[in-house]
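As you go down the protein sequences, you meet chains V and B in turn.
Read in order, the letters of the first sequence are residues 1 to 125 in full-length UniProt numbering.
Read in order, the letters of the second sequence are residues 1 to 125 in full-length UniProt numbering.
Source of the hints: derived by calculation from the structure; they are not laboratory data.
Each residue gets a CB set at the ideal place from its N, CA and C atoms; glycine is no exception.
One or more of the hints may lead you astray.
[Unchecked claim] Derived SDA-like pairs: lysine to any residue, alpha-carbon spacing no greater than 20 Å straight-line:
hint: 1; chain 1: B; residue 1: 57; chain 2: B; residue 2: 76
hint: 2; chain 1: V; residue 1: 8; chain 2: B; residue 2: 38
hint: 3; chain 1: B; residue 1: 125; chain 2: V; residue 2: 69
hint: 4; chain 1: V; residue 1: 8; chain 2: B; residue 2: 119
hint: 5; chain 1: B; residue 1: 48; chain 2: B; residue 2: 10
[As the list claims (entries may be wrong)] Residues from chain B that keep clear of chain V, each with C-beta distances beyond 12 Å, as calculated:
hint: 6; residue: 17
hint: 7; residue: 28
hint: 8; residue: 61
Protein chains: 2
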Amino acid sequence: MPTEQEIKTAMQAYIDRFNEDDLEGILSLFAEEATVEDPAGMAPIIGKAAITEFYTKVVNGKTRIHREEPIRGSRSNSGAMAIHIETHAEGSTLMIHAIEVMTFTDAGLISSMKAYWGPGDMENK
Amino acid sequence: MPTEQEIKTAMQAYIDRFNEDDLEGILSLFAEEATVEDPAGMAPIIGKAAITEFYTKVVNGKTRIHREEPIRGSRSNSGAMAIHIETHAEGSTLMIHAIEVMTFTDAGLISSMKAYWGPGDMENK
Chain V
1 MPTEQEIKTA MQAYIDRFNE DDLEGILSLF AEEATVEDPA GMAPIIGKAA ITEFYTKVVN
61 GKTRIHREEP IRGSRSNSGA MAIHIETHAE GSTLMIHAIE VMTFTDAGLI SSMKAYWGPG
121 DMENK
Chain B
1 MPTEQEIKTA MQAYIDRFNE DDLEGILSLF AEEATVEDPA GMAPIIGKAA ITEFYTKVVN
61 GKTRIHREEP IRGSRSNSGA MAIHIETHAE GSTLMIHAIE VMTFTDAGLI SSMKAYWGPG
121 DMENK
């Protein structure tokens, strides 16, 4: 099992690679059979092919993730972080406030990502 | 299913009642068969009797919860919030940084609470 610090380092790498538009770098953090549920409550997408398709859309050079507080660990293979996601379009910015919870494989790869945000957590600025 | 706003209101009520040392008020937010996993990765405690025992210990007049960011919703019956928990003892304060994820029953009661924090999320001030 990865240590608490290894989990936090991987979660920070997820943010950093996202903000560098490093699609391959993001995908390399995920296990082959990983799931992504974004937002929580929607059907999860399952497996590397579907996750590749998902991040190919959202890693678009216009979207940035800002972490709001320290990443939290756990006593097992999971961590959580509060973020906001800004997507810049001409003349406006869509901001989504989210909390992401990730679990990890023994090898330290993301086995699941679940992003908590609802319609009330979006705002246009 | 409770609305996004009802979930956020219940989570804020959890904080407020905790900070008023209102043990009965906290317990009334939980469903009979609810589970509490605090910290995440430990064996969950299950059912109202065990949850009553847990909160009887932590609602002690010396512990306060501070919310750090807006409570996040979802597209289903869950919400998440970043908090820190301060426990005051003579001459020092223990601070725990945590993210709590809650799910709710159709009646709007808490069916599960999971608090993400690890040894690295504690500090003495």
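How the hints compare with the structure:
| no. | hint | result |
| --- | --- | --- |
| 1 | B:57 / B:76 | violated, 31 Å |
| 2 | V:8 / B:38 | holds, 19 Å |
| 3 | B:125 / V:69 | holds, 18 Å |
| 4 | V:8 / B:119 | holds, 12 Å |
| 5 | B:48 / B:10 | holds, 17 Å |
| 6 | 17 | holds, 22 Å |
| 7 | 28 | holds, 24 Å |
| 8 | 61 | holds, 26 Å |
The structure fails hint 1 only (numbered hints given earlier).
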